[in-house]
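Just so you know, the protein sequences line up as chains A and B, in that order.
Residues 1 to 450 (this note's numbering) are what the first sequence spells out, left to right.
Residues 451 to 764 (this note's numbering) are what the second sequence spells out, left to right.
These are calculated hints, taken from the structure and not from any lab test.
Even glycine gets a Cβ: it sits at the ideal position worked out from N, Cα and C.
Heads up, some of the hints might be wrong.
To be verified - Pairs of lysine to aspartate or glutamate residues, derived as EDC-like cross-links and limited to a Cα-Cα distance of at most 16 Å, are as follows:
id, chain 1, residue 1, chain 2, residue 2
1, A, Lys261, A, Glu193
2, A, Lys208, B, Glu614
3, A, Lys439, B, Asp532
4, A, Lys205, A, Asp219
5, A, Lys410, A, Glu193
6, A, Lys310, A, Asp186
To be verified - What the simulated footprint calls covered on chain A by chain B, stretch by stretch (three residues with Cβ under 8 Å from a Cβ of chain B suffice, anywhere in the stretch; the number is not a length):
id, region
7, 227-239
8, 333-342
Claimed, not checked - One-sided and incomplete, this derived list gives chain B residues near chain A with beta-carbon spacing under 7 Å:
id, residue
9, Leu514
10, Gly617
11, Ala659
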Amino acid sequence: MPVFPFRPSLQAAITTPAKPRRRLKRLGATAAAAAVVLALTACGGGGSPQSAGGTVELRFSWWGSDKRAQVTQAAIDAFEAQNPGIKIKAEYGDWSGYWDKLATQVAANDAPDIIQMDEKYITEYSSRGALLDLSKYDVDTSKFDEAALNAGKGEDGLTGIAAGINAATILANPEVFKAAGVELPDDTKWTWEDFERIAAEVTAKSPKGTYGAAAYGTDEASLGVWLRQNGKSLYTSDGKLGFEPSDIADWWAFLKQMSEKKAVPSAAEVVEAEAAPLDQSGLATGKNGLAFWWSNQLPALEKAAGGELKVLRFPSKTGSASDAQLWYKASQFWSASSRTKHPEEVAKFINFLANDVKAGEALLADRGVYPNSEVREAIAPKLTPADVKVVEFIDQIKGELGEAPAPPPKGAGAIQEIVKRYTSEVLFERLSTDEAGKKAVDEMAAAISG
Amino acid sequence: MSAISELSSLTRRKGPITAAERKANGRDNKAAYIFLLPWLLGLLAITIGPMLMSLYLSFTDYNLLQPPEWTGLDNFTRMLSDSRLHNSLGVTFTYVLVGVPLQLAVALLIALVLDKGLRGLPFYRSVFYLPSLLGGSVAVAILWKQIFGTTGLVNQALAIFGIEGPGWISDPSTALGSIILLHVWTFGAPMIIFLAGLRQIPNMYYEAAEVDGARTLQKFWRITMPMLSPIIFFNLVLQIIGSFQSFTQAFIVSGGNGGPSDSTMFFTLYLYQKGFGQFDMGYASAMAWFLLIIIGAFTAINFIAAKYWVFYDD
């Protein structure tokens with residue numbers, strides 16, 4: 001019995017039209033060679049070698065834009081000038097690939113020495129012993145904003161030093177409002193009903209394809225604000241979900257209502273917008289009048305939009321800014337691998353990033369407002385107008401803040417994806433808001449209990 | 451003389467093997483093994499090693515950060531009640547069962563047209579083959595995303611006729627279809643093989659059929675199809691195996707999340723998310739082995755079914 005139809009006669013048949021076949025073979029060989037080279041370089045990683053000259057080389061990885069890469073490299077240069085014995089090797093990429101890569105590196109015992117960490121993942125990593133307890137090393141936190149400092153503390157010690165302070169905001173594109181002939185809202189008084197009405201009005205008075213507001217529901221930050229305004233929270237301090245299916249169902253019901261009134265884009269457009277990078281977002285391209293962003297993203301968005309944007313508070317239920325329930329978030333953390341061979345040098349570098357004015361002058365407000373009050377003052381004159389706007393906003397809302405939210409538990413990295421998926425189930429009307437609420441809460445509870 | 455017929459003449463020799471010959475054979479083998487060594491090392495280090503490791507991991511709870519813990523069949527029993535996994539199986543089966551036959555049909559059709567002896571055949575052959583080289587690539591997937599976007603090329607073309615198209619890849623009801631279309635578009639590889647097979651069918655059969663008054667369709671069903679069946683079988687097996695493992699297109703087109711609403715959540719994509727997104731590498735390994743079993747089963751069914759429809763003329 002012929003095992004496979006590739007018998008002599010056919011073999012000949014297939015090779016007869018000689019030209020494309022030969023070309024193919026050559027291509028195959030090139031591809032194979034490329035694959036081998038790739039495999040070899042991939043294996044070429046390795047820890048942090050101590051080079052012959054006695055200098056220590058540390059690897060430092062972060063996610064973020066090109067602009068961030070530039071300012072961070074400037075900070076690295078300043079550190080190396082002060083510390084000729086230490087070399088810092090930069091590794092950076094975009095948000096989504098960053099976490100896959102980091103997980104693989106840590107599993108392969110090849111983690112970078114200094115890791116830019118996010119609150120969604122810090123418990124995941126620290127509870128599994130992957131992060132260094134920095135309180136045991138020489139990192140000065142005496143000038144730190146207390147809330148920012150506490151955000152990096154957990155059962156496993158101080159595993160993250162806040163790199164900046166952020167707040168959830170709504171950014172407005174004044175050009176869109178002007179073109180529609182609609183007044184910008186007063187963010188100290190507005191309610192969610194105002195948000196809906198204003199957004200729908202902008203859509204109605206704008207050319208087709210332009211909407212008053214971007215949809216929320218693509219991450220859990222805006223859900224967090226909504227829940228806090230309703231006396232609930234994303235997480236409880238003992239690491240459980242702080243809300244019921246009906247709470248998230250209400251949140252979706254309001255989104256659906258806005259979608260029906262065309263205050264926000266259509267379901268398909270919402271899905272597409274999720275995938276767009278920051279500089280092609282609806283706000284930056286002038287397709288949305290209002291959108292949900294973190295405060296530190298304003299300068300990058302202004303650059304992409306090529307014009308000024310306005311920072312607004314979230315609407316509240318009562319129309320009073322003090323009920324908006326915003327909070328200071330640690331934008332990112334400086335963390336270190338627990339397996340680093342040079343914890344002293346790592347601590348020195350993190351201390352430099354957190355407390356040295358030279359680092360501050362390089363980084364400015366790219367990772368949010370500096371948590372070290374002295375550095376914040378020292379760099380104030382150097383800030384760009386966009387940075388100043390961010391700092392002013394953070395200062396303005398200080399008296400209105402709600403309680404600091406409980407830190408995201410282990411497994412919280414999966415929540416955003418669940419929120420996003422069920423938002424589209426609701427917008428495409430494949431599930432009712434109640435069904436989506438039940439299913440989403442089940443999945444979220446499972447994700448953070450594991 | 452081809453390598454294969456050389457081989458068969460070698461094995462056909464008779465009589466016992468002498469000691470001297472055995473020694474010579476040993477030398478020959480040694481040389482062969484040395485030449486094989488780079489590939490063998492690669493096979494062991496890059497394929498067999500990780501495969502065995504993943505087999506072990508599939509019976510453990512492994513979160514990438516801590517050492518794996520043995521949990522027996524736990525991962526496999528969890529798969530029974532994982533509704534997202536069941537959905538991803540549905541998506542993958544739809545993709546394979548619709549995409550592969552459609553792609554092979556298009557490939558055969560184009561091959562038949564090209565076989566008629568067009569002027570500039572090498573040019574067309576290359577042009578049609580091109581998508582096969584590009585189709586699995588990241589760049590084309592990104593291009594696809596642009597073409598089928600809400601304001602993409604397709605909808606702009608439809609707008610000329612006053613039709614408002616949906617967001618092809620952002621609407622759950624059309625997203626998978628768009629990816630299947632991308633797969634069908636890469637019909638070049640099977641087409642080249644079909645073309646070679648068509649060239650191999652002796653003309654005398656067609657001439658004899660014509661003398662008997664056979665019509666075009668009759669010739670196709672009674673001569674072309676049976677004579678071509680081994681090639682169809684070959685393409686079918688390869689394409690089914692490849693399609694089950696398809697990952698790149700769905701990953702890029704959906705932005706890595708299998709969306710919207712899991713409508714493009716391929717089995718492989720879900721596996722990737724579980725392993726690298728949710729630190730559930732033990733479960734992901736179990737999924738990988740489950741996929742291997744599925745592909746093995748499909749291939750076995752293919753071979754068994756082949757007895758009834760594949761015709762070897764010798």
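Which numbered conditions among the earlier hints are violated in the structure presented, ordered from lowest to highest? Numbers 4, 5, 7, 8 and 11, in rising order.
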